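Chains as they are written, first to last, in our numbering: chain X, 2 to 210; chain F, 28 to 176.
Calculated from the structure, these hints are not laboratory results.
Quick caveat: nothing in here was measured; it's all calculated off a predicted structure.
Heads up, a few of these hints could be off.
Here are the computed lysine-lysine pairs in the BS3-like style, where the Cα-Cα straight-line distance is at most 25 Å [unchecked claim]: (1) 131(X) / 101(F); (2) 181(X) / 36(X); (3) 132(F) / 181(X); (4) 36(X) / 131(X); (5) 184(X) / 131(X); (6) 132(F) / 171(X); (7) 171(X) / 184(X); (8) 181(X) / 131(X); (9) 184(X) / 104(X).
Some chain F residues judged to face chain X by a derived CB distance under 8 Å, without partners named [as the list claims (entries may be wrong)]: (10) 49; (11) 53; (12) 105; (13) 109; (14) 120; (15) 123; (16) 131; (17) 162.
Just so it is clear, CB atoms sit at the ideal spot from N, CA and C, and this is done for glycine as well.
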Amino acid sequence: MTDTAADVLGNGHVASHGPPIGAPARPVIQIVPLKGLPVVAVVIGFLIASIGFNWQWGLDFNHVAGGALWTGIDLFVGLVVGPILGRLSIPARAEFSARFMPKMVLLMPTLVAMTLASGFQLALDLGNLKATSPNHSWLIASFIVVGVMAVIALGLLEPANLAVLFEMRKPHPNGEVIAKLMKRFIYTAGITGLMQVATLVIMTRVASQ
Amino acid sequence: MSRTSPQVSLPEAAERRFAPVAELCAAALVLIVVGGIYMASYAPRRAPLGLPVALAVASALLVVASLILLSRTKDLAWDKFFLVGRWTLLSYVIAAGLIEFAFVKDHTRGDPLVLITAMLVLFAVIVPLIISFTVARYQSQRTQPETSA
Chain X
2 MTDTAADVLG
12 NGHVASHGPP
22 IGAPARPVIQ
32 IVPLKGLPVV
42 AVVIGFLIAS
52 IGFNWQWGLD
62 FNHVAGGALW
72 TGIDLFVGLV
82 VGPILGRLSI
92 PARAEFSARF
102 MPKMVLLMPT
112 LVAMTLASGF
122 QLALDLGNLK
132 ATSPNHSWLI
142 ASFIVVGVMA
152 VIALGLLEPA
162 NLAVLFEMRK
172 PHPNGEVIAK
182 LMKRFIYTAG
192 ITGLMQVATL
202 VIMTRVASQ
Chain F
28 MSRTSPQVSL
38 PEAAERRFAP
48 VAELCAAALV
58 LIVVGGIYMA
68 SYAPRRAPLG
78 LPVALAVASA
88 LLVVASLILL
98 SRTKDLAWDK
108 FFLVGRWTLL
118 SYVIAAGLIE
128 FAFVKDHTRG
138 DPLVLITAML
148 VLFAVIVPLI
158 ISFTVARYQS
168 QRTQPETSA
């Protein structure tokens, strides 16, 4: 890898071949960080065991820890990191994204699986899904919120994330393609933020009834 | 159907439009999600199956339509499509299996289990299709050798 992020201009053209003197080397992009896979396997194994044995603490841990991280990361990235990233220079943006996005490829699906699978099991165990439960309608609302987030994440953001990573692996990435794909994150940040705030309201209502 | 990235010049590629494979699959995903929410909202009772069956059939038709369009697509980076497709398929088959496990564990049986299984199969096909098509369509805009990772 001899190219630098500074090679890529916003108009999608390549400024020069080879690294300018003093410019940082562009990081090698591994689309799926293989070192993270064993951690994911352990977390998913823990989740399956918690559901399989109806382990109350395991279900609570998966739901609370997974949900807190999912919501926290989503809001932090959407409301804090995203706007900062938008004001950085294109090379800085490219370098940050090259290191940040592969981690999100593993992290977010794992957190979502932890939260949703354990949450559904907890709702069944605690009787919150029964039509007579005061929490029933709140849980249906949370299903709808999760459904909206799932369609955005699986139908728009994850494909864009991987397409950007593939583009950035090229010696001379096309800035136009990356910018076009990254717009999806900007357009959906507001909806995702709103859904996450709705999740916080719903879950605190459910916990306090 | 060639499985190598096509050699396409940038100006030509920039004007090229692809069939709405990802859009059709996204619509199919919406139908599956709505059906899943409908069925989950009845748990632990048995949900009426009319609406979710209709949604699953409509979703399957959209997937078939998108596969037909995909098979007619020229100049797609098929090597990237299959590379991304097989790994994402593996990961979403695991995810769908996890959800199936949860329903079986919660004593879902009979027709509802068959329907949920069908919906999960669709889910496990739709998401990899969207992801691999999106990657491949942008990879086909111009051909460059990849760096080793």
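With a cut-off of 8 Å on the beta carbons, see whether residue 123(F) makes it to chain X.
-> violated, 11 Å
Holds or violated: is there a CB of chain X closer than 8 Å to the CB of residue 162(F)?
-> With a minimum Cβ separation of about 5 Å from chain X (threshold 8 Å), the hint on residue 162(F) holds.
Taking only the CA atoms, is the gap from residue 181(X) to residue 131(X) under or equal to 25 Å?
-> violated, 45 Å
Are residue 171(X) and residue 184(X) close enough, with their CA atoms no more than 25 Å apart?
-> holds, 20 Å
Interface hint status, residue 109(F) versus chain X (Cβ within 8 Å) = violated, 13 Å
Does the nearest C-beta of chain X fall within a distance shorter than 8 Å of the C-beta of residue 120(F)?
-> Status violated, d = 13 Å.
Verify the proposed pairing of residue 132(F) with residue 171(X), using a straight-line Cα cut of 25 Å.
-> Given pair residue 132(F), residue 171(X) is violated - Cα atoms ~45 Å apart, limit 25 Å.
Hint validity - residue 131(F) Cβ closer than 8 Å to any chain X Cβ = Since chain X brings no Cβ nearer than about 11 Å to residue 131(F), farther than 8 Å, the hint is violated.
Keeping to a limit of 25 Å between CA atoms, is the pair of residue 181(X) and residue 36(X) held or broken?
-> violated, 30 Å
Do the numbers back the hint for residue 49(F), that is, is its least Cβ distance to chain X under 8 Å?
-> Holds. Min distance 7 Å.
Given the proposed pairing of residue 184(X) with residue 104(X), does the C-alpha separation stay at or below 25 Å?
-> With a Cα-Cα distance of about 20 Å, the restraint between residue 184(X) and residue 104(X) holds, given a limit of 25 Å.
Given the hint that residue 131(X) pairs with residue 101(F), does the C-alpha gap stay at or below 25 Å?
-> Violated, because 51 Å separates the two Cα atoms, which is more than 25 Å.
The structure is inconsistent with the numbered hints 1, 2, 3, 4, 5, 6, 8, 12, 13, 14, 15, 16, although it conforms to all the rest.
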